[in-house]
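*Asks:* Protein chains in written order, with the working numbering: chain A, 1 to 505; chain B, 506 to 673; chain C, 674 to 1011.
I should point out that these hints are in silico values taken from the structure, not numbers from a laboratory. One should not assume that every hint holds.
[Stated by the list, open to error] Within a straight-line C-alpha distance of at most 25 Å, the following computed SDA-like cross-link-like pairs (lysine to any residue) qualify:
hint	chain 1	residue 1	chain 2	residue 2
1	C	Lys734	A	Ser54
2	C	Lys1002	B	Trp549
3	A	Lys429	B	Ala529
4	C	Lys760	B	Arg580
5	C	Lys947	B	Lys596
6	A	Lys163	B	Arg580
7	C	Lys855	A	Leu134
8	A	Lys428	B	Ile533
9	A	Lys429	B	Ala589
10	A	Lys353	C	Asn973
11	C	Lys763	B	Pro612
12	C	Lys734	A	Leu348
13	C	Lys768	A	Phe412
14	C	Lys968	A	Gly460
15	C	Lys863	A	Val21
16	C	Lys814	A	Ser137
17	C	Lys968	A	Leu51
18	A	Lys446	C	Ala1008
19	C	Lys763	B	Ala589
20	A	Lys429	B	Leu534
21	B	Lys596	A	Gly226
22	B	Lys656	A	Val21
Predicted model only: the values in this text are computed from it and were never measured.
So the chains spell out like this:
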Amino acid sequence: MEDIGNLFHGFSVVLQPYNIVLMVVGIVLGVIVGVLPGLGGANGVAILLPLTFSMSPTSAIIMLSCIYWGALFGGAITSILFNIPGEPWSVATTFDGYPMAQQGKAGEALTAAFTSSFVGALFAVIMITLVAPLVASFALRFGPAEIFSVYFLAFCSFVGLSKEPPFKTVASMMLGFALGAVGLDQMTGQLRLTFGFETLLTGFDFLIAVIGLFGIGEILLTMEEGLSFRGKAAKIDLKVVINTWKELPRYWMLYLRSCLIGCWMGISPAGATPASFMSYGIAKRISKHGKNFGKGEIEGVIAPETAAHAAGTAALLPMISLGVPGSPTAAVLLGGLLIWGLQPGPLLFTEQKDFVWGLIASMYMGNIVGLIVVLTCVPLFAAILRIPFSVIAPIILVLCAIGAYTVHNNTFDVVMMLVFGVVGYFMKKTNYPLAPMVLAIVLGDKAEESFRQSLLASQGSLGVFFSNALVSTIMTLGLIALFWPMIQAGLSRLRGGVKGPRTAA
Amino acid sequence: MNETAEESAGAGPSQRSVEIGVAATIAILAVIGIIGALRVGTGWSAEGPRAGFFPFYICIAILISCAVNLAHVLRTENDGAVFASWDQINKVLQVVVPTAVYVGIIPYSGIYVASALLVASFMKVLGRYGWAASAAVGIAVPLFTFVAFEKWFLVPLPKGPLEHLLGY
Amino acid sequence: MSATSKVLTFGVAACVGGAFALSIAPAKAWEPTHPIEIIVPAGTGGGADQMARTMQGIITKHNLSKQSVVVINKSGGAGGEGFLDVKNSKGNAHKLIITLSNLFTTPLATGIPFSWKDMTPVAMMALDEFVLWTNAEKPYKNVKDYVAAVKAAPDNTFKMGGTGSKQEDQIITVALEKATGKKMTYIPYKGGGEVAVQLVGNHVDSTVNNPIEAVAHWRAGKLNALCVFDSKKLDYQEKIAGDKAWGDIPTCKSEGLDVEYLMLRGFFMAPGVKPDEVAYYVDMFKKVRETPEWKDLMKNGAFNTTFMVGDEYAKWVASAEKLHEGLMKEAGFLAKTN
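Chain A with its partners taken away, still in its complex shape (with noise of 0.2 Å):
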């Protein structure tokens, strides 16, 4: 009850005039940064820190966590329009995300992004205040094993699901392993499948294969049939946000269960990016139009999006509890933190505990304060498809180089996403999916550090990740994900019902 009384007092501070109107200048350069290929929410940060030494360490918080806000909406934005997923946690909202701005309903997608987004926010803030001393214990049983069982359930959860032949899904995904490795391999400090470049020290970064297989890639396909973008049906009309909206509360029960995942993905530091793919693949699973999945249904949006959000909020709590920054955004904002003097850390909520329940009040504010920012500009957004593709294109092409380069400050990246382009062209021509390759390229090196942790940890024994009711739940979760088209066709069989869906090939 205690707590309940500090967030009204919370909401009493944030709801000054002064305070709501940093809250929009947050939003909106938040939105720019995720807009901007190669921008993200800690450029955003690093540009305002200075303004914020004038303000009480409250308002210069409530002003860059909206940063942080506004970046997150900010990535669905080229992810629907062009392709394009700025950050890793927005890969999946591209695959119903782009063919719905095809089909012209880029002002359905985006509506539906945004309001997802929102809703998965508020969905882990209401969490973070009611149980917030519970939600950084279980982060702590977090080891290893734990957080590879993660990863596995991840992978399990969307293999699978696409239509391609199974050896050309495989073929992708352990590509994806194979990149994901080179570079220093953390766990001996040893270089690995560099072979004395000094350019691929630092490996294939993600964003780079992403802006390239899906960004590049796109605009040849674009390009070989014939100069347009398909989008120009779009509706410029705020109407769009009311008519989509009356469509959205019929799928409650995706939003809860997106919700759910993200919430504890985002606890355990699985991070975003997981629950984005886990639940995308468990929605197709799931959902009565499963098979209308990446042909732009409004559900494999919402999924994503709402998981996604729900995570990336959620991780803001072991950040401020524990001290450690789940993203590079995250990492300002405990910079941010030590200057003025607020150590992050479980005493933080007992000593600050204006600045915290503050900051969790601005967690609300500052959602919806973006989610309207948003939303009135979907029709803006949505008339960018009305540009000439050969005006677009080449500003696309332009944008990407810029993305590519700042990952590493380097220009050899820029060649690679080229190259990656090409390749996306003639793997998307030729039927190798592309999403488990850019998964494994996200994941793959994560997971298999955790692996190796835990098998350091337990001399080798793989008894280790049944050792728990913990990590024995979540792998077996796994093992039915990875089984559940089996599963499935099993009891479709019984019911003599139809061929599994492996007819496209």
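With chain A's structure known, arrange chains B and C on it following the hints.
*Replies:* Okay, now just chains B and C, sitting in the frame of chain A:
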């Protein structure tokens, strides 16, 4: 190259030959990966798998799936399916070649000059816009990115002789 | 008369003006013309990162530079990415790199070609201490009990968590193994913050975290600080964890574990920069050290506040490099040349 080429207006390389090419390319990458993995040790030491353990078996898995994919292509009859017509390939190259040039000159000209050239020439040649429109957009885009990245967000991008002349 | 006096006044004014200009000229030293980049050759949230970001804040808040400061993490290849970037930016006076021990360990362990001699030393800001931490729930509350517990357990069952592989934490672990005569299992993680959390969660048995990485958990009563790997006790007497101050932690040597290790937190610049450019940053760092925020950081992280510049600093770095060569060789961490 392709016997069915003359049969239709949409002639081009066959889907079959491209499939074989893609599978072979991936297989070559896998072999390179295996060589790299062997260099750092693929065994299972006292502390669990060594640095090359995962890459090694991953690359083996790639090789196996490539073999299956190849076998699948070779077993099926050539149905005459075309990967893309020469006309389409030509269009794709119209993007790939300028982009390759663009990527190639960035280290020397800086990203802003290269971007201006790319945007303007793309609009002029592919979009058939007039000189004035092409040049205007061509200059506006790098100018905007310059202000946004260098001035506003303090992210330095590659610069060339022109920028140095202007004192950056 | 009036005319001459006017001339005279003018002359005097000109002289004064001239002298003024002369006295200004040498003082008008080099100043940065672009934003200053601070490169962190490690991930976000670690000790070096926290220090760099705190400095970014201090410099901005106290207006110590007309140009803004940007912190960039380049952690690829055990920090090799960051060091190579500085090494290859010859003459670039707007790039600083903050070091951790990977300045020495990365080239030795991976063969990535760089050394401190490829860069220009600027200043040592502080030395970071290492403390032996255990979970507060464990029965061993002091070094003696800890060593007894390690010795009682079979080889390789005691788990030590640390940052990175073949870096400072593992060097200390090897030294501990030698001191106790027992093999431990060293588990590498990505960052110091993560390591501390793993210890709180009981996934490892002990760590050698830097004070700043573990202080929050120590204050919350989740961890015990057993001993500090320094030749003398820490200088900070303020009670911060219940009734304990940093200064209350005994040295490991006094407790029978003869291991000492300190880590450099210093700055380097690109090769080929001019002396007045280096002087600018040395001056800036001196001002940073005077700010209350910096003093807070030092206190919070129980740093050894030694400050060194110029030849003294270069000499210190050279001897530290020697020391690491010896330690790495002894531990068998050197890269195979192939």
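*Asks:* Going through the numbered hints above, which ones does this structure break? Give me the numbers in ascending order.
*Replies:* Of the numbered hints given earlier, those the structure breaks are 4, 5, 7, 14, 15, 19, listed in rising order.
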